[in-house]
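Just so you know, the sequences run in chain order C and Z.
Read in this note's numbering, the first sequence has 2 at position 2, and its numbers run on one by one without any break.
Read in this note's numbering, the second sequence has 39 at position 39, and its numbers run on one by one without any break.
Everything labelled a hint here was simulated from the structure, so no lab data went into it.
Some clues are possibly wrong.
Stated by the list, open to error - Per label pair, the in silico range of CB-to-CB distance:
#1 C:K3 <-> Z:E53: 28 to 36 angstroms
#2 C:T79 <-> Z:E58: 31 to 39 angstroms
#3 C:T26 <-> Z:T13: 36 to 44 angstroms
Unchecked claim - One-sided and incomplete, this derived list gives chain C residues near chain Z with beta-carbon spacing under 10 angstroms:
#4 C12
#5 S41
#6 Y46
#7 Y96
#8 L98
#9 T107
#10 A110
Said to hold, decoys possible - With a straight-line cut-off of 27 angstroms between C-alpha atoms, the simulated DSSO-like cross-links for lysine-lysine are:
#11 Z:K71 <-> Z:K40
#12 Z:K22 <-> Z:K44
#13 Z:K36 <-> Z:K22
#14 C:K3 <-> Z:K52
#15 Z:K36 <-> C:K3
#16 Z:K71 <-> C:K3
#17 Z:K19 <-> Z:K44
#18 C:K3 <-> Z:K44
#19 Z:K9 <-> Z:K36
#20 Z:K22 <-> Z:K71
#21 C:K3 <-> C:K52
#22 Z:K40 <-> Z:K52
#23 C:K69 <-> Z:K44
#24 Z:K67 <-> Z:K22
#25 C:K69 <-> Z:K9
#26 Z:K67 <-> Z:K41
#27 Z:K52 <-> Z:K22
#28 Z:K41 <-> Z:K19
Keep in mind the model is a prediction, meaning the values are calculated, not measured.
Every residue, glycine too, gets a C-beta built ideally from N, C-alpha and C.
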Amino acid sequence: DAKTTQPTSMDCAEGRAANLPCNHSTISGNEYVYWYRQIHSQGPQYIIHGLKNNETNEMASLIITEDRKSSTLILPHATLRDTAVYYCIVRVVDDYKLSFGAGTTVTVRA
Amino acid sequence: DTAVSQTPKYLVTQMGNDKSIKCEQNLGHDTMYWYKQDSKKFLKIMFSYNNKELIINETVPNRFSPKSPDKAHLNLHINSLELGDSAVYFCASSQDMAGVGETQYFGPGTRLLVL
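Next up, chain C with everything else stripped away, as it sits in the complex (with noise of 0.2 angstroms):
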């Protein structure tokens, strides 16, 4: 799998847009990105994953640029709860498992 970089930590205002960076240079043509977050004392939780196209759900959207290289996973409205390490992960599509890296930590502020 193709490693990824993200910032170590963001702070964000609750009610604003956050926005997530995430590089994967050397991403090649069968990998998917994925984004997953982990709460405090929990578990990973799935939020969206992408090939190209950008991808938006009830949690989040994720902009993936043209080249590939980079994307941002988006949290359009922060809130509290969604203060959590949030990890960006490549994966090939058939591949059985997840490689998390260090993630960036995001903290909502009122």
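With chain C fixed as given, assemble chain Z onto it according to the hints.
Chain Z only, in chain C's frame:
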């Protein structure tokens, strides 16, 4: 209803003991996993089972023995516990092993402390 449940939530034990952690999923999934999250918070896969069969063993010491009595359960037995086994162990499940959009659902974790 809890989709993926683990027991116990906390486990404190002495070095050298043998302990088990249980995992159950009520999602009807075919694949289950065990992950370990160490003190540095890195999550690493340990095992994967598909339809009760071991698929993946990520170079885990053979003191760790997963057992899957049926598709809904994947238990983790650890022999001769060592200090370095202290960690949070997460169970997860997915509908199948892989594929586009295959997402994994995680349990709440079992916090193991070996003294």
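Checked hints:
1. For the pair K3 (chain C) and E53 (chain Z), the supplied restraint of 28 to 36 angstroms holds, since their beta-carbon distance comes to about 30 angstroms.
2. Between T79 (chain C) and E58 (chain Z) the C-beta distance comes to about 35 angstroms, which sits within the given range of 31 to 39 angstroms.
3. Hint check: T26 (chain C) to T13 (chain Z), Cβ distance near 42 angstroms, so the stated range 36 to 44 angstroms holds.
4. Given the 10 angstroms rule on beta carbons, the hint for C12 (chain C) is violated: about 21 angstroms separates it from the nearest Cβ of chain Z.
5. At about 7 angstroms, the closest approach between the beta carbon of S41 (chain C) and any beta carbon in chain Z falls short of 10 angstroms, and the interface hint on this residue holds.
6. Against a cut-off of 10 angstroms between C-beta atoms, the interface hint on Y46 (chain C) holds, since the closest Cβ of chain Z lies about 4 angstroms away.
7. Given hint, Y96 (chain C) at the interface with chain Z, holds; its Cβ is 5 angstroms from that chain's nearest Cβ, closer than 10 angstroms.
8. Proximity of L98 (chain C) to chain Z holds as hinted, the smallest CB-CB distance being about 6 angstroms (cut-off 10 angstroms).
9. Annotation: interface hint on T107 (chain C) violated; nearest CB of chain Z at approximately 15 angstroms, more than 10 angstroms.
10. For A110 (chain C), the suggested interface contact is broken, since its CB lies about 25 angstroms from the closest CB of chain Z, more than 10 angstroms.
11. Note on K71 (chain Z) and K40 (chain Z): the hinted pairing is violated, with a Cα-Cα distance of about 31 angstroms set against a maximum of 27 angstroms.
12. Between the alpha carbons of K22 (chain Z) and K44 (chain Z) the distance comes to roughly 18 angstroms, so the proposed pair stays at or under 27 angstroms and holds.
13. Taken as a hint, the K36 (chain Z) and K22 (chain Z) pair is honoured in the structure, with Cα atoms around 14 angstroms apart against an allowance of 27 angstroms.
14. For the hint linking K3 (chain C) to K52 (chain Z), the alpha-carbon distance of about 31 angstroms lies beyond 27 angstroms, and the restraint is violated.
15. Our distance criterion of 27 angstroms between C-alpha atoms is met by K36 (chain Z) and K3 (chain C), whose separation comes to about 20 angstroms.
16. Proximity of K71 (chain Z) to K3 (chain C) is assessed by CA-CA distance (about 32 angstroms); at most 27 angstroms being required, the pair is judged violated.
17. In summary, the hint linking K19 (chain Z) to K44 (chain Z) is supported, as the alpha carbons are separated by about 20 angstroms, within the 27 angstroms threshold.
18. Of the pairs offered as hints, the one joining K3 (chain C) and K44 (chain Z) holds, with about 15 angstroms between alpha carbons and a cut-off of 27 angstroms not exceeded.
19. At roughly 14 angstroms between alpha-carbon atoms, K9 (chain Z) and K36 (chain Z) fall within 27 angstroms of each other, so this suggested pair holds.
20. Taking the CA atoms of K22 (chain Z) and K71 (chain Z), the gap is near 13 angstroms; set against the 27 angstroms cutoff, the hint holds.
21. Between K3 (chain C) and K52 (chain C) the alpha-carbon distance is near 17 angstroms, which keeps this suggested pair within the 27 angstroms criterion.
22. A threshold of 27 angstroms between alpha carbons decides the hint, and for K40 (chain Z) with K52 (chain Z) the separation of about 31 angstroms lies outside it, so the pair is violated.
23. A hinted pair counts as satisfied when its Cα atoms are at most 27 angstroms apart, and K69 (chain C) with K44 (chain Z) qualifies at roughly 24 angstroms.
24. Annotation: proposed proximity of K67 (chain Z) to K22 (chain Z) holds, straight-line Cα distance about 9 angstroms (limit 27 angstroms).
25. Restraint check for K69 (chain C) and K9 (chain Z): the C-alpha separation of about 39 angstroms exceeds 27 angstroms, so the hint is violated.
26. Proximity of K67 (chain Z) to K41 (chain Z) is assessed by CA-CA distance (about 25 angstroms); at most 27 angstroms being required, the pair is judged to hold.
27. About 15 angstroms separates the Cα atoms of K52 (chain Z) and K22 (chain Z), which keeps this hinted pair within 27 angstroms; it holds.
28. A threshold of 27 angstroms between alpha carbons decides the hint, and for K41 (chain Z) with K19 (chain Z) the separation of about 22 angstroms falls inside it, so the pair holds.
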